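Visitor: We have chain Y; now place chain P onto it with these hints.
There are 2 protein chains.
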Amino acid sequence: MNQRIPVVEKILNANDRLAAENRRLLDEHGVFAINLMASPGAGKTSLIEQTVPRLAAELRLAVVDGDIATSLDADRAAAAGAIAVQINTGGDCHLDAVMLQQALAQLDLRAVDLLIVENVGNLVCPASFALGTHLSVLVASVPEGDDKPYKYPGMYRGVEALVINKIDLLPYVPFRMDYFRQGVELLNPGLRTFPLSCRTGEGLEAWLDWLRGETRRRQGEHR
Amino acid sequence: MNQRIPVVEKILNANDRLAAENRRLLDEHGVFAINLMASPGAGKTSLIEQTVPRLAAELRLAVVDGDIATSLDADRAAAAGAIAVQINTGGDCHLDAVMLQQALAQLDLRAVDLLIVENVGNLVCPASFALGTHLSVLVASVPEGDDKPYKYPGMYRGVEALVINKIDLLPYVPFRMDYFRQGVELLNPGLRTFPLSCRTGEGLEAWLDWLRGETRRRQGEHR
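Note that the protein sequences, when read in sequence, are chains Y and P. Just so you know, my numbering puts 42 at position 40 of the first sequence, and the rest follows in order with no gaps. Just so you know, my numbering puts 37 at position 35 of the second sequence, and the rest follows in order with no gaps.
If we strip away everything but chain Y, and leave its shape as in the complex, we get (with noise of 0.2 Å):
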């Protein structure tokens, strides 16, 4: 006689509930959302800058972000045209979906196509909270060194696109591109990535390109 066996489901925990709860709400209303990520200085808020009025004609573009303090980075975003929501953490390392869900609760999401969550900068901790955006997006820059996808491993399997920002400064830093690339194909094969450099503009096309065709993409699948 066979005995019955008891399958318990795995059961979401509550940060994962939450995450397809804003999940479910940002594809009711068509909206594209993006986690970005990275070690603080790496270039976030600047990529921000630079994507917003770069597609401000095409798409309507609203920023979350996060921050242990200050609403710097808000500010910024919202100089260059984004709607933007600042979520302060009171110290944490990292946002969650519950700080997300309170964010998109100031958005009127229906006026919104592509929205870029701007999270804490650590490249340890965000990695482990699903917030409900559709792709991870991880911001690495050349002064922080080659072996950083080796020493993170967590972050850089985690994403679905790499930006590799400051490339204006490969002549003056010790940065093995080849040896980076290993890495990052080590622990995500196949992985985009898009070298560039906020400050000079150069490569911003790649990822403005691709941005602009997955959000399109993703708002034909819900529509």
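These are calculated hints, taken from the structure and not from any lab test. Note that the structure is predicted; figures quoted are calculated from it, not measured. All C-beta atoms in this analysis are idealised placements derived from N, C-alpha and C, irrespective of residue type, glycine included. Treat the hints loosely; a few may be bogus.
[To be verified] The calculated label-pair distances, taken between Cβ atoms and stated as ranges, are: (1) Y:E187 with P:Q104: 29 to 37 Å; (2) Y:R19 with P:R219: 53 to 61 Å; (3) P:G215 with Y:G192: 47 to 55 Å; (4) P:Q108 with Y:G203: 45 to 53 Å; (5) P:P176 with Y:E162: 28 to 36 Å; (6) P:L172 with Y:G222: 45 to 53 Å; (7) Y:P173 with P:N15: 25 to 33 Å; (8) Y:A113 with P:G156: 30 to 38 Å; (9) P:V100 with Y:R62: 45 to 53 Å; (10) P:Q108 with Y:D110: 51 to 59 Å; (11) Y:G83 with P:G192: 18 to 26 Å.
[As the list claims (entries may be wrong)] Just a sample of chain Y residues kept apart from chain P, beta carbon distances all over 10 Å, derived: (12) L27; (13) D29; (14) G32; (15) P55; (16) D69; (17) Q108; (18) D110; (19) D149; (20) A163; (21) D170; (22) L193; (23) G205; (24) R218.
Guide: Chain P alone, transformed into the frame defined by chain Y:
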């Protein structure tokens, strides 16, 4: 009649207790220890590489390297001539006093004058966990940007010295030293600061002098 009011002493949490034990152990052996913290890629390991050979004739150095994965940093510290112990945090975003306790057990502390503990690259979490070291040192770096004190106040507030690394990149990045220092001064008035470049060697002497002096002074106190 006066009522007797019970007074409950502040009880140290588990981490703080262990940190106090680590401190006692270090003091017993005349070891001066610093906790080196920074963003990923600010140059903690580079600073260790530059420091170790320059002090090797005068001080016996050991390095404890905290990393999420790999022993890349400990390998570099050992190659520079230090006794090196690697802590793999297994994903954790900071070192804590237990991890340091385990690392100290791997060292012959009688043969160490100066111990440098290289924390996980993270501007948030390490600030909340005492290790038992004598001083905390933050390594900032010019390409991270001049807004970092304002955005990571907890870290800037809690350290006893600040290294500003990669000053050789000042001509190539937008970094207002005045604005940066103003933020530091607000959070941590009079903080001892060492602008330097691990790449060119500029400014290293002041840092080395301070480290020599602090080590000798602390050892004098405990002998």
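Visitor: Need the list of violated hint numbers for this structure, in ascending order.
Guide: 7, 11, 16, 19 and 21
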